[in-house]
Amino acid sequence: DVKVTQSSRYLVKRTGEKVFLECVQDMDHENMFWYRQDPGLGLRLIYFSYDVKMKEKGDIPEGYSVSREKKERFSLILESASTNQTSMYLCASSATPNYGYTFGSGTRLTVV
Amino acid sequence: GEDVEQSLFLSVREGDSSVINCTYTDSSSTYLYWYKQEPGAGLQLLTYIFSNMDMKQDQRLTVLLNKKDKHLSLRIADTQTGDSAIYFCAEGNTGTASKLTFGTGTRLQVTL
Chain A
1 DVKVTQSSRY LVKRTGEKVF LECVQDMDHE NMFWYRQDPG LGLRLIYFSY DVKMKEKGDI
61 PEGYSVSREK KERFSLILES ASTNQTSMYL CASSATPNYG YTFGSGTRLT VV
Chain B
1001 GEDVEQSLFL SVREGDSSVI NCTYTDSSST YLYWYKQEPG AGLQLLTYIF SNMDMKQDQR
1061 LTVLLNKKDK HLSLRIADTQ TGDSAIYFCA EGNTGTASKL TFGTGTRLQV TL
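Those protein sequences? They're chains A and B, same order as listed.
When you number the first sequence by the working numbering, it's gap-free, plus one each residue, and the end is 112.
When you number the second sequence by the working numbering, it's gap-free, plus one each residue, and the end is 1112.
I should point out that these hints are in silico values taken from the structure, not numbers from a laboratory.
Watch out, some of these pointers could steer you wrong.
Sample of chain B residues facing chain A (criterion: CB under 8 Å; computed from the structure) [said to hold, decoys possible]: (1) ALA1041; (2) GLY1042; (3) LEU1043; (4) TYR1048; (5) LEU1100.
Built from N, CA and C at the ideal position, the CB exists for glycine as well.
Looking at chain A on its own, in the form it has when it is part of the complex (with noise of 0.2 Å):
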């Protein structure tokens, strides 16, 4: 089975910081995909890649940026944290074609 693993579970960052979370998958897939989930509203595409070193923003991608140097890895990039960036953080994997994500566990990101 292809294994999204998403390096922290929870973490707790101050205002202002640098945050780093970190997607690994071990199936060779093209795509990487980051959402949000906040209650309501469902989830919400921060950025995706479909190739190594390529990105395309997604719906809500200010705040944010990411970094793909290898294609079993896709980082997401919080530049200068803020308490509205707390959520959770759900990173994904598709191949090409694609049938269907594969989702990591997930990251819950406190921003106090």
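With chain A fixed as given, assemble chain B onto it according to the hints.
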């Protein structure tokens, strides 16, 4: 842009059937998906249906697609307490860099 809508909450008795509904707006959707999220976990792909199909059955799960009305439903027969979770509907295409659009999720509560 694309939009996917679901009701937020459904409560059923153990042993009854559950029906979770979803509407979407993108008429070019190739695949439609149902995901399940248990507390504190990522999303797990339950099933998907190709847009030229009307129905797909997989054990206790039945997916119905009305493409004309852009309406998707998930029926869970003989609902069990272990089915309590949030269910997400998603739509998308299989092309390169394709991304899925998710609904807000329906919380299914199974009572004894």
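Hint check results:
1. ALA1041: holds (6 Å)
2. GLY1042: holds (4 Å)
3. LEU1043: Result: holds, 5 Å to nearest chain A Cβ.
4. TYR1048: Given a least distance of 6 Å, the restraint on B:TYR1048 holds.
5. LEU1100: holds (6 Å)
In this structure, none of the earlier numbered hints is contradicted; all agree with it.
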